[in-house]
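Asks: Make the full structure from the sequences, and use the hints.
There are 2 protein chains.
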Amino acid sequence: MTTKNAFYAQSGGVTSVINASAAGVIETARQHKDKIGKVFAGRNGIIGALTEDLIDTDLESAEDIAALKNTPSGGFGSCRFKLKSLEDNKREYERLIEVFKAHNIGYFFYNGGGDSADTCFKVSQLSEKMGYPVQAIHVPKTVDNDLPITDNCPGFGSVAKYIAVSTLEASFDVRSMAATSTKIFVIEVMGRHAGWIAAAGALVEDHNIPVLTLFPEVEFDKDKFLAAVDAKVKEHDFCTIVVSEGCHWPDGTFLAEQGTRDSFGHAQLGGAAPVVANMIKEALGYKFHWAVADYLQRAARHLASESDVEQAYALGKAAVEKALEGKNSIMPTVVRESSSPYKWSIGEAPLSEVANVEKMMPMDFISDDGYGITDKCKEYLYPLIQGEAYPPYENGMPKYVTMKGISVEQKLEKFEL
Amino acid sequence: MTTKNAFYAQSGGVTSVINASAAGVIETARQHKDKIGKVFAGRNGIIGALTEDLIDTDLESAEDIAALKNTPSGGFGSCRFKLKSLEDNKREYERLIEVFKAHNIGYFFYNGGGDSADTCFKVSQLSEKMGYPVQAIHVPKTVDNDLPITDNCPGFGSVAKYIAVSTLEASFDVRSMAATSTKIFVIEVMGRHAGWIAAAGALVEDHNIPVLTLFPEVEFDKDKFLAAVDAKVKEHDFCTIVVSEGCHWPDGTFLAEQGTRDSFGHAQLGGAAPVVANMIKEALGYKFHWAVADYLQRAARHLASESDVEQAYALGKAAVEKALEGKNSIMPTVVRESSSPYKWSIGEAPLSEVANVEKMMPMDFISDDGYGITDKCKEYLYPLIQGEAYPPYENGMPKYVTMKGISVEQKLEKFEL
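In order, the protein sequence lines correspond to chains G and C. Heads up: the first sequence is residues 1 to 417, going by my numbering. Heads up: the second sequence is residues 1001 to 1417, going by my numbering.
A hint or two may mislead.
[Claimed, not checked] Listed next, with one range per pair, are the computed distances between beta-carbon atoms:
#: 1; chain 1: G; residue 1: Glu413; chain 2: C; residue 2: Asp1364; range: 53 to 59 Å
#: 2; chain 1: C; residue 1: Glu1325; chain 2: G; residue 2: Glu282; range: 50 to 56 Å
#: 3; chain 1: G; residue 1: Val357; chain 2: C; residue 2: Lys1281; range: 51 to 57 Å
#: 4; chain 1: C; residue 1: Asp1364; chain 2: G; residue 2: Ser61; range: 38 to 44 Å
#: 5; chain 1: G; residue 1: Pro362; chain 2: C; residue 2: Asn1089; range: 57 to 63 Å
#: 6; chain 1: C; residue 1: Lys1399; chain 2: G; residue 2: Ser85; range: 50 to 56 Å
[What the hints assert, rightly or not] Subject to a maximum C-alpha distance of 35 Å in a straight line, what follows is the list of computed DSBU-like cross-link-like pairs (lysine-lysine):
#: 7; chain 1: C; residue 1: Lys1359; chain 2: G; residue 2: Lys234
#: 8; chain 1: G; residue 1: Lys4; chain 2: G; residue 2: Lys101
#: 9; chain 1: C; residue 1: Lys1322; chain 2: G; residue 2: Lys224
#: 10; chain 1: C; residue 1: Lys1004; chain 2: C; residue 2: Lys1404
#: 11; chain 1: G; residue 1: Lys287; chain 2: C; residue 2: Lys1359
#: 12; chain 1: G; residue 1: Lys411; chain 2: G; residue 2: Lys35
#: 13; chain 1: G; residue 1: Lys281; chain 2: C; residue 2: Lys1084
#: 14; chain 1: G; residue 1: Lys378; chain 2: G; residue 2: Lys399
#: 15; chain 1: G; residue 1: Lys378; chain 2: G; residue 2: Lys281
#: 16; chain 1: G; residue 1: Lys327; chain 2: G; residue 2: Lys359
#: 17; chain 1: G; residue 1: Lys90; chain 2: C; residue 2: Lys1287
#: 18; chain 1: G; residue 1: Lys287; chain 2: C; residue 2: Lys1404
#: 19; chain 1: G; residue 1: Lys129; chain 2: G; residue 2: Lys84
#: 20; chain 1: C; residue 1: Lys1281; chain 2: G; residue 2: Lys399
#: 21; chain 1: G; residue 1: Lys234; chain 2: C; residue 2: Lys1082
#: 22; chain 1: G; residue 1: Lys224; chain 2: G; residue 2: Lys378
#: 23; chain 1: G; residue 1: Lys122; chain 2: C; residue 2: Lys1287
#: 24; chain 1: G; residue 1: Lys281; chain 2: C; residue 2: Lys1287
#: 25; chain 1: G; residue 1: Lys33; chain 2: G; residue 2: Lys327
#: 26; chain 1: C; residue 1: Lys1287; chain 2: C; residue 2: Lys1224
#: 27; chain 1: C; residue 1: Lys1411; chain 2: C; residue 2: Lys1327
#: 28; chain 1: G; residue 1: Lys222; chain 2: C; residue 2: Lys1281
#: 29; chain 1: C; residue 1: Lys1234; chain 2: C; residue 2: Lys1281
#: 30; chain 1: C; residue 1: Lys1234; chain 2: G; residue 2: Lys82
#: 31; chain 1: C; residue 1: Lys1281; chain 2: G; residue 2: Lys414
#: 32; chain 1: C; residue 1: Lys1411; chain 2: G; residue 2: Lys287
#: 33; chain 1: G; residue 1: Lys399; chain 2: C; residue 2: Lys1082
#: 34; chain 1: C; residue 1: Lys1411; chain 2: C; residue 2: Lys1033
#: 35; chain 1: C; residue 1: Lys1224; chain 2: G; residue 2: Lys84
#: 36; chain 1: G; residue 1: Lys404; chain 2: C; residue 2: Lys1287
It should be emphasised that the hints constitute simulated quantities derived from the structure, not laboratory data. Just so it is clear, CB atoms sit at the ideal spot from N, CA and C, and this is done for glycine as well.
Replies: Structure (structure tokens):
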């Protein structure tokens, strides 16, 4: 086996643990210097490969690479840049292979969601055809938890923990004020078309919190919802509502798109939470508060789930190990061995089966009324939020690392994106 | 000294550490059973006293009272109920004294902000006049940090830590996506008329984050602000904005009140964050994300500051000790002995000097351009966010306690509020 370099890139929306996967890739590669020379990271993701803007991770200290395990966000930068199909944009794929060739890159570790799995798959196919075979391994990452085959996706467990804990805390707050003040608390969560994150908020039911959850998987029914809210308030004096950003009306319109206009007549971009809160106020008169956690949830490394951090690291490590075993065009996965006690191992899936498949929440995870989760769902979720992997603190603030990010010398002509 | 019972009530918006003060009061009183018989807590605050709805805290286990130290929200319920002036509503004050008399209550511990300090002061005056003297001690609490004399208020340090950490984490997230995606992140924080919480967000400047802070103390100047945002983005490729809910235009209108109407023509209640974000998008075209932390920030016991938890407990404890020393109509305070290393002790202030005085942020805490904080402000803030007082966890979730809340038998006629 000759020595080849590796290329690592972060893709799409970042998470609180994607850097743990980066640490898993880089630390494991460093243990195999005879086979993997250097790990180059794409500055701002795959764009860094296309523009030949590579970061030499060898110039980052062992201490800083280890600190990536505790640091949210994308340490090398990420991007939302989907390569088009091979037919539509062969030029970009060929450029990737050219850059890989110029820098003696034989391993491609791509850390992302569905789109990047697809890109990874195509690169492995094309590189073979072009006579410069690259081993392409996809490292799963997405807070949306919508990749197939793997039991869960790194990034999700920590968001789930953050949303479950935050919803519980805010619900305690509202409960103690409800007699004379706020009776409705609405929290809006991420997750796009999948209700996984919203489901985590519904876990507060196990802590005696009256909660209604609005999933993207369930068409919004205003009258039914308002009746459910009123019943909860009449019974418990307050109600917590978890609304997914992807919650929508039967015609597909998102709740957040209310046709709201500001005083100048411009369309106002709001969230789903204020829409739901105002709807309740108008119909039932209850005083409300609402929160939109937005990036706070996916960046909340301070409350990361230990099992999530461990899996993120383990999948990065496994990607390198599998590459060294000669594997290609695969994604290491999390295999659940048992839920209680939680046991998991690393498996693998062919990228041909991962690319362009979106895993939705099973309908038997959602309760019959559409506003809660089933025991089956809870059995799935609880293991993923186990353990607290706190970052170290200094002077009251977490010690998060910033990479030096030193560029590798360019060897090719400029490339226009 | 004869044995008297005590009455404890939580007032106004709750915090992540007000229950630590409750634990300080109750645990200390339990150590002096010869002087303080029972501690009765007002169910839902002072309303519990007026309606004679008292909780017998003696029926709560030592373990549960200790667990209050780790539990956010108001364990006995709180309320926003300001007693009117003595002249306007002597009836309510007299009822309070009657209830105290009926239950042999000689100590009144009132845990709240400015309004409750005022009530506490009046109760001590009136009880004397009515021939049933009650020792009234105010225990400070407010995330707004606007009580006078005390160096800081319990509740604030933890919100400050939460906002500083969350702003840092989200800023790291945006920084790693900025090349091709979001360049503006806006986080809205609480604090009413005082910029203390917003100032905590500005601490991320020390972590190389380009940040602009919009304080209630500084009139909003749209053109100047947009120019500042543009300059930050041009230099750093992204910008974080911390906006206080109290931020307002020169005419006093809050940024959140934009005259926005929904498609039915109803006034739309939004936050200041989406207003600022849309303003930037419209003028400068930058892609944005925004978050409104709302109750998440003041309930975030999972990230409480250790110094805050310790002070909250110590002030509850000191309230009882001072009562036992015969003190009346006072508030125990935090006295800062030194900032580095942080040393503090407990002092006291007469309620006559606390009631109805609002402590604003000193103007020399705000930088000359109005968008940041000075070194003096940082010296003030850092000690308050020191240490991480994590709650215990079970099955991935924090173990927060719920009081049994068993009522004391009523002895008086019903009272209409």
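Asks: So, for every hint listed, does it hold in this structure?
Replies: Hint by hint, here is what the structure shows:
1. G:Glu413 / C:Asp1364: 53 to 59 Å: The hinted range 53 to 59 Å holds for G:Glu413 and C:Asp1364, with Cβ atoms some 55 Å apart.
2. C:Glu1325 / G:Glu282: 50 to 56 Å: Distance hint for C:Glu1325, G:Glu282 holds at roughly 54 Å.
3. G:Val357 / C:Lys1281: 51 to 57 Å: violated (34 Å)
4. C:Asp1364 / G:Ser61: 38 to 44 Å: holds (40 Å)
5. G:Pro362 / C:Asn1089: 57 to 63 Å: holds (58 Å)
6. C:Lys1399 / G:Ser85: 50 to 56 Å: holds (52 Å)
7. C:Lys1359 / G:Lys234: violated (40 Å)
8. G:Lys4 / G:Lys101: holds (10 Å)
9. C:Lys1322 / G:Lys224: violated (55 Å)
10. C:Lys1004 / C:Lys1404: Holds, because 23 Å separates the two Cα atoms, which is no more than 35 Å.
11. G:Lys287 / C:Lys1359: Judged against 35 Å, a Cα distance of about 28 Å means the pair holds.
12. G:Lys411 / G:Lys35: Roughly 23 Å separates the two Cα atoms, so the pair holds.
13. G:Lys281 / C:Lys1084: holds (28 Å)
14. G:Lys378 / G:Lys399: holds (33 Å)
15. G:Lys378 / G:Lys281: holds (31 Å)
16. G:Lys327 / G:Lys359: Status holds; Cα separation ~24 Å.
17. G:Lys90 / C:Lys1287: holds (29 Å)
18. G:Lys287 / C:Lys1404: holds (26 Å)
19. G:Lys129 / G:Lys84: holds (18 Å)
20. C:Lys1281 / G:Lys399: holds (32 Å)
21. G:Lys234 / C:Lys1082: holds (26 Å)
22. G:Lys224 / G:Lys378: Holds, because 24 Å separates the two Cα atoms, which is no more than 35 Å.
23. G:Lys122 / C:Lys1287: holds (30 Å)
24. G:Lys281 / C:Lys1287: holds (31 Å)
25. G:Lys33 / G:Lys327: holds (18 Å)
26. C:Lys1287 / C:Lys1224: Roughly 20 Å between the alpha carbons, so the hint for C:Lys1287 and C:Lys1224 holds.
27. C:Lys1411 / C:Lys1327: With Cα atoms ~29 Å apart, C:Lys1411 and C:Lys1327 stay inside 35 Å; holds.
28. G:Lys222 / C:Lys1281: holds (31 Å)
29. C:Lys1234 / C:Lys1281: holds (15 Å)
30. C:Lys1234 / G:Lys82: Distance ~26 Å between C:Lys1234 and G:Lys82 Cα, so the pair holds.
31. C:Lys1281 / G:Lys414: holds (31 Å)
32. C:Lys1411 / G:Lys287: holds (33 Å)
33. G:Lys399 / C:Lys1082: Answer violated: G:Lys399 to C:Lys1082 is near 43 Å, above 35 Å.
34. C:Lys1411 / C:Lys1033: holds (23 Å)
35. C:Lys1224 / G:Lys84: Violated, because 41 Å separates the two Cα atoms, which is more than 35 Å.
36. G:Lys404 / C:Lys1287: holds (26 Å)
In summary, the structure is inconsistent with hints 3, 7, 9, 33, 35 from the numbered list given earlier, while agreeing with the others.
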